[in-house]
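Enquirer: Numbering that gives the first Met the number 0 puts the first residue of the sequence shown at 0, with every later residue one more than the last.
FYI, nobody ran anything at the bench for these hints, they're computed from the structure. Possibly wrong hints are sitting among the right ones.
[Claimed, not checked] For each label pair, taking beta carbons as the anchor points, the in silico distance ranges come out as:
| # | residue 1 | residue 2 | range |
| --- | --- | --- | --- |
| 1 | 134 | 87 | 17 to 27 angstroms |
| 2 | 38 | 9 | 26 to 36 angstroms |
| 3 | 35 | 98 | 32 to 42 angstroms |
As the structure is a prediction and not an experimental result, all values here were calculated from the model. Just so it is clear, CB atoms sit at the ideal spot from N, CA and C, and this is done for glycine as well.
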Amino acid sequence: MTRIVVIDNHGQFTHLERRALRDLGVDTELVDNDTDPNDIDADGIVLSGGPDMDRIGRSPDYLDLDVPVLGICLGMQILAEELGGRVGGGDYGGYADVDVEILDDDDPLIGSLAPETRVWASHADEVKEVPEGFTHTGTSDVCTIESMSDTERNLYGVQWHPEVAHTDEGEEVFENFIDICEQ
Numbered sequence: 000m001t002r003i004v005v006i007d008n009h010g011q012f013t014h015l016e017r018r019a020l021r022d023l024g025v026d027t028e029l030v031d032n033d034t035d036p037n038d039i040d041a042d043g044i045v046l047s048g049g050p051d052m053d054r055i056g057r058s059p060d061y062l063d064l065d066v067p068v069l070g071i072c073l074g075m076q077i078l079a080e081e082l083g084g085r086v087g088g089g090d091y092g093g094y095a096d097v098d099v100e101i102l103d104d105d106d107p108l109i110g111s112l113a114p115e116t117r118v119w120a121s122h123a124d125e126v127k128e129v130p131e132g133f134t135h136t137g138t139s140d141v142c143t144i145e146s147m148s149d150t151e152r153n154l155y156g157v158q159w160h161p162e163v164a165h166t167d168e169g170e171e172v173f174e175n176f177i178d179i180c181e182q
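Whole structure, please, built from the sequences with the hints as guidance.
Expert: Structure follows, in structure tokens:
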């Protein structure tokens with residue numbers, strides 16, 4: 000059975016990420032972000048959202064485990080910051096419903112949502128520049144970089160929260176990530 004761990008970066012929806020994966024039939028566990036990377040046995044990792052970069056624990060170390068990674072909100076920002084992109088304050092700020100235009104309908108994570116999807120997202124901080132090797136895959140009128148993918152390294156990020164009911168096709172994002180982890 001596919002095993003995907005959710006790294007707890009202290010976000011308010013983290014438990015919903017684990018539940019969404021469990022409900023899709025995945026062996027999943029919520030893991031504290033200070034866990035030694037050598038103690039993580041998984042086919043994939045979700046870096047959860049959270050309040051800020053000061054509380055990400057060992058999250059950067061999990062990028063070296065050679066398994067697919069899905070960064071959600073703060074998790075996407077961790078990917079960008081650690082791999083040479085740039086993160087900064089968003090112009091919009093708090094949580095809101097946002098229409099995301101899918102820029103790459105071949106993207107294995109979100110391409111199936113094309114041409115657009117409605118999501119629930121926070122834009123207090125956001126990725127301003129994708130790291131080398133990443134493709135900018137989604138945009139909105141409040142955030143230029145809503146999603147990004149590096150398919151060579153199986154690293155993916157979404158600014159929005161696919162685990163909440165307000166996101167229209169969130170379950171499909173998790174299904175697509177499970178497919179990536181099973182390949």
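Enquirer: Does each hint hold? Answer for all of them.
Expert: Taking the hints in turn, this is what the structure says about them:
The hint said 17 to 27 angstroms for the Cβ distance between residue 134 and residue 87, and at roughly 20 angstroms that hint holds. Judged by the Cβ atoms, the range 26 to 36 angstroms given for residue 38 and residue 9 is violated: they are separated by roughly 19 angstroms. Evaluation of the 32 to 42 angstroms hint for residue 35 and residue 98 yields a pass: the beta carbon distance comes to about 41 angstroms.
In this structure, the one hint that does not hold is number 2.
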